[in-house]
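Order-wise, the sequence lines are chains A and B.
Per the numbering used here: the first sequence = residues 219 to 482.
Per the numbering used here: the second sequence = residues 1211 to 1606.
Calculated from the structure, these hints are not laboratory results.
Nothing here was measured: the structure is a model prediction, and the numbers come from that model.
Quick reminder that beta carbons are idealized off the backbone N, C-alpha and C, glycines included.
Hints may contain errors.
Unchecked claim - Covered, in the sense of this in silico footprint (three residues per stretch, anywhere, with C-beta under 8 Å from a C-beta of chain B), are these stretches of chain A:
#: 1; stretch: 286-295
#: 2; stretch: 342-351
#: 3; stretch: 385-396
#: 4; stretch: 426-433
#: 5; stretch: 439-453
#: 6; stretch: 459-471
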Amino acid sequence: MSRLALAFEQPAPRLIPFIMTGDPSIEVTEELIIEMEQAGVAAIELGVPFSDPSADGPVIQAAGERALSQQVTCHDVLQLGRRVRERGCQTPLILFSYLNPLLQYGMEKLFQEASEAGFDGVIIPDLPFEESSPFRSLSSRYQLPLISFVAPTSRKRMQKIGEEAEGFLYCISSLGTTGTRQEFADRIEPFLQEVKRYSRVPTAIGFGISEPKHVRYFSEWVDAVIVGSALVQKIAERKERLIQKNSRQQALGEIIAFVKELRK
Amino acid sequence: MGTSSRRFGVYGGQFVGETLMNALVELESEFAKAQNSPSFAEELHQLYREYSGRPTPLTYAKRLTEYLGGPKIYLKREDLNHTGAHKINNALGQALLAKRMGKSKLIAETGAGQHGVATATVAALLDMECEVYMGAEDVKRQELNVFRMELLGAKVISVHSGTKTLKDATNEALRQWAAQVEHAFYLIGSALGPYPYPQMVKYFQRVIGDETKEQILEKEGRLPDDVVACIGGGSNAIGMFAAFLDHPEVRLHGMEAAGAGVDTKEHAATLTLGRPGVLHGSYTYLLQDEYGQILPAHSISAGLDYPGVGPEHSFLKDTGRVRYAAITDREALEAVSLLCRYEGILPALESAHAVSGALKLAKERSKDEILVICLSGRGDKDVESIRKHMGKEKQK
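Please put together the full structure from these sequences, using the hints given.
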């Protein structure tokens, strides 16, 4: 059984945090991965920054800008994956990137190297199912799932996406971009029920989830809950302290406390 | 990259978030229905005629022709459209389609504000809500156009992310469209974005080329030898070229912005210097660094100041059917002066790139040839910026 499949065998609630690689530095991202593993997260999404993140709200946009100011590239994210695997990290790692940085890196090279580096999946938010076939063949060649999205607007397309899904199926909770919110789409429950009916893999929900009560609520309906902006915001608020070595441990501790709180 | 009937060779595609995909599927089907609907065509052409003032004339540029001593030069006068440029052709078409689809709100991105003004105009005409996203830098530079859009009843939203220019305004428009996709229609201003937008924008702009063809046949009894248009996203160019693509004897030329020069970092010469990649929903030539991060574009002309280009132009570059070249800020300014003095026409800075390209071309052509320039817009909006730059040139 793959690392990712095993993670979905663990008891709920299963949390999948998203962090932007290199925000505020690659060193800090590495420590966050190690600490989040100890906090018992199900998997970790590692973002590759992009200059034009058109599916992201302001919090993740700003994280991407901070990472770009550190000149973080696709190559750095792969290296980071290798390093944490060498340190014994067993948590599934998902590479999260807009399409263009990956295209310029070379798609085949990316799938091959990400697989060798110990990644367990790839998420590309601007690659819809209809455009994914050339990359699905790479995904099967290198045994690296290409994770698909479904949204409340997917409607007729949901069935074929669910039936072809790999790794887990990423359910978008509400219209719009990433970012914390209190309101989710109308009729979210029938939507998630329908997704579960079609999906051949576990389901995870993301977009706007920021509080323990959201995690608890959605854990009734899906197999895992993805938290991005809320966590990235905690990191942003502690940027200086995370960079300074003498204050880093305490700042990391506060972030991990939030991650644990989400799982309660 | 794969190919399909929805692509231009390998270029184009639908690279957007899942939330928007169903809207594109619906748009494709509604656009197909509209194309087959006589009442849609009738309504659109009535607006072209009675609201925008079409057909626009094809003006023989007698003095410019004599001055250059080369081919006969004609100007396709898109500058005489309502709101001052070709943008209204597409805004009217897409807004009518939005209305048929039952949408109540139009969302648009704008650089200098011309497409924003065109969208705000049709929103007022068709009684629709209108939100225009504009980079904070452009809002500062184009105060008058912001006021003009507000006067027309639109809400202008200043975008502070990234480089605070057109590409960032487009990102924000995509985000806000995703949030309101059930009742809002995204009215893209150029021949770019995900399928079916590039095809749809071409369809609504091809009135430029169709009229030109008819007019030149009437005046000269034959097709032109050369047709020149400027390229930012490339909507006026693709509209003009559409009528001539199947006539290999007509040479087509697209002029992009070289800004301070193609040997500097300050240009918008996407086809001349870019590399294919994915931005704003399609696979096309882009200005980008080796890691796939999009680079800022630079041009004196806000309408050409964009690091991407419509996917069909990428295809036409690769096939060689259209020749693409780049014109510097300084060359465009010289073309402005020349057209003002010789023809009494103040061109938009965008269109001045086409004029400048034509001036170069005219030197290589003989008197029995015919050259058509697509004069995509008027320069009233640029007077302040032209004055500023000409002042600087004088001081040098």
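Structure-based check of each hint:
no., hint, result
1, 286-295, "holds (count 3)"
2, 342-351, "holds (count 8)"
3, 385-396, "holds (count 4)"
4, 426-433, "violated (count 0)"
5, 439-453, "violated (count 0)"
6, 459-471, "violated (count 0)"
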